[in-house]
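These protein sequence lines map, in sequence, to chains A and B. According to the numbering used here, the stretch in the first sequence is residues -6 to 191, in order. According to the numbering used here, the stretch in the second sequence is residues 265 to 448, in order.
Don't take every hint at face value.
Below, in silico cross-link-like pairs of lysine to aspartate or glutamate (EDC-like), each with a Cα-Cα straight-line distance of 16 Å or less [claimed, not checked]:
hint	chain 1	residue 1	chain 2	residue 2
1	A	Lys99	A	Asp74
2	B	Lys308	A	Glu168
3	A	Lys99	A	Asp87
4	A	Lys122	A	Glu70
5	A	Lys49	A	Asp74
6	B	Lys308	A	Glu84
7	A	Lys47	B	Asp392
8	B	Lys307	A	Glu173
9	B	Lys307	A	Asp93
10	B	Lys307	A	Glu168
11	A	Lys47	A	Asp87
12	B	Lys398	A	Asp82
13	B	Lys396	A	Asp86
14	A	Lys122	A	Asp161
15	A	Lys32	A	Glu143
16	B	Lys396	A	Asp82
17	B	Lys346	B	Asp435
18	A	Lys83	B	Asp402
19	B	Lys308	A	Glu173
20	A	Lys49	A	Asp79
21	A	Lys47	A	Asp82
22	A	Lys170	A	Asp93
23	B	Lys398	A	Asp86
24	B	Lys396	A	Asp79
25	B	Lys434	B	Asp343
26	B	Lys308	A	Asp87
27	B	Lys307	A	Glu84
28	B	Lys446	B	Asp435
29	B	Lys398	A	Glu84
30	B	Lys396	A	Glu84
31	A	Lys98	A	Asp74
32	A	Lys52	A	Asp29
33	A	Lys170	A	Asp96
34	B	Lys398	A	Asp79
35	A	Lys52	A	Asp79
Calculated from the structure, these hints are not laboratory results. Predicted model only: the values in this text are computed from it and were never measured.
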Amino acid sequence: MHALKHGPRGAAVLLTLLSVAAFADTPAGATRFSSDPAKSSLEFAFAQAGAQNKGKFTKFPVTLEASGGGTTPTRLEVTVDMTTFDSGDKERDDTLRGPDLFDVKKFTQAHFVATQIARTASGFDAFGKLTIRNVTRDQHVPFTLRTATEQGHAVAYIAGRTTLHRLDFGVGQGEWKSTEWVGNDVTVSYSVRLVAAQ
Amino acid sequence: MTIRNTTDRWGAFAQLLHWVIVVLIIVQVTLASLADDLPLGMKKLALLARHKSFGITILALAVIRLLWRWMNPTPPLPDNLKPYERMLASFTHAALYILLFAMPLSGWTMSSARGFPVSWFGFIQLPDLVPKNKPLYDALLLTHQTLAWALYTIVALHVLAALKHHFMLKDNVLRRMLPFTKTR
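Sequences are here, hints too, so could you generate the full structure?
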């Protein structure tokens, strides 16, 4: 115990570290759910010359922590593997993955984490930090939550949609900064099945 | 000149539809050939968005034109034409009408098949005619391009015939589709 050798101050640092570590871990009484990739989807849509173009990500692990037997969510975290982007058209995919848009070579992941989750009329609203292309912004992620027991496993279903502005995250450099032909608003829809950790 | 057709010339509305469609087809060919040479980028998206919007406009005008044709008398061809010339004229006109529908519809379907939906000048998003399907897209692209060449051929025939009527047969066939001219 290296810290103890440094007297009371060192012990205080250790205690702080321990408590940070405790918070990073699942708090007692909470359930930690992890997403089931086979039954989860993360899609987005944006206007291109007035018509909705759609795409999806196929790899985006989600973890949800909830207390009260899974009914009160306390933490939501999503990591999106940007390289798994798919719009169903190679030319559009290549363009979106390119340096002016997602730049997936440089920014392989997008990330969302929220520890402030409020109850709303229709479900919950996770207020947290969204990082895309290394730019971090505040983001609301509203969702509905349904829990169930399936074959003895506690599972949770979350679903919802939110809107973000691509230019807030620098998704659109050079000519793509213009919103004349590709809109700034992006609607993100999600439907995730999560399974409780054993 | 009257709005409606008469038995010896096209009315103002039929002429307007004819010449507006002529201009739009020239615009369409220009936009398509400009877009064809570009990689996917903002400029290509802009050109193709306009190409789709004008294409849908032509489709709508073609519907109106066909309805107007049914609601109005069609000025007959001159009496002195040979049977094969009459057949050729009927064939050319029928082919032009078919292409006015087939070009935009193949384009619209091909956009749907590729997953690039069609919007009319950003005002209305049109429904997808088919789900996303790459082999179908490839087939429709070839169809759209082939129909374009068919259109060039038929238009060339149509123009040559109009010029033949005007300069060689010296009849009213071209003149009755032109505004501000008197028929003899």
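Here's how the hints hold up against the structure:
no. : hint                 : result
1   : Lys99/A to Asp74/A   : holds (12 Å)
2   : Lys308/B to Glu168/A : holds (12 Å)
3   : Lys99/A to Asp87/A   : holds (14 Å)
4   : Lys122/A to Glu70/A  : holds (10 Å)
5   : Lys49/A to Asp74/A   : holds (11 Å)
6   : Lys308/B to Glu84/A  : holds (12 Å)
7   : Lys47/A to Asp392/B  : holds (13 Å)
8   : Lys307/B to Glu173/A : holds (11 Å)
9   : Lys307/B to Asp93/A  : holds (15 Å)
10  : Lys307/B to Glu168/A : holds (9 Å)
11  : Lys47/A to Asp87/A   : holds (15 Å)
12  : Lys398/B to Asp82/A  : holds (8 Å)
13  : Lys396/B to Asp86/A  : holds (15 Å)
14  : Lys122/A to Asp161/A : holds (13 Å)
15  : Lys32/A to Glu143/A  : holds (14 Å)
16  : Lys396/B to Asp82/A  : holds (9 Å)
17  : Lys346/B to Asp435/B : holds (14 Å)
18  : Lys83/A to Asp402/B  : holds (13 Å)
19  : Lys308/B to Glu173/A : holds (13 Å)
20  : Lys49/A to Asp79/A   : holds (5 Å)
21  : Lys47/A to Asp82/A   : holds (10 Å)
22  : Lys170/A to Asp93/A  : holds (9 Å)
23  : Lys398/B to Asp86/A  : holds (14 Å)
24  : Lys396/B to Asp79/A  : holds (13 Å)
25  : Lys434/B to Asp343/B : holds (13 Å)
26  : Lys308/B to Asp87/A  : holds (15 Å)
27  : Lys307/B to Glu84/A  : holds (15 Å)
28  : Lys446/B to Asp435/B : holds (12 Å)
29  : Lys398/B to Glu84/A  : holds (12 Å)
30  : Lys396/B to Glu84/A  : holds (14 Å)
31  : Lys98/A to Asp74/A   : holds (11 Å)
32  : Lys52/A to Asp29/A   : holds (10 Å)
33  : Lys170/A to Asp96/A  : holds (14 Å)
34  : Lys398/B to Asp79/A  : holds (14 Å)
35  : Lys52/A to Asp79/A   : holds (11 Å)
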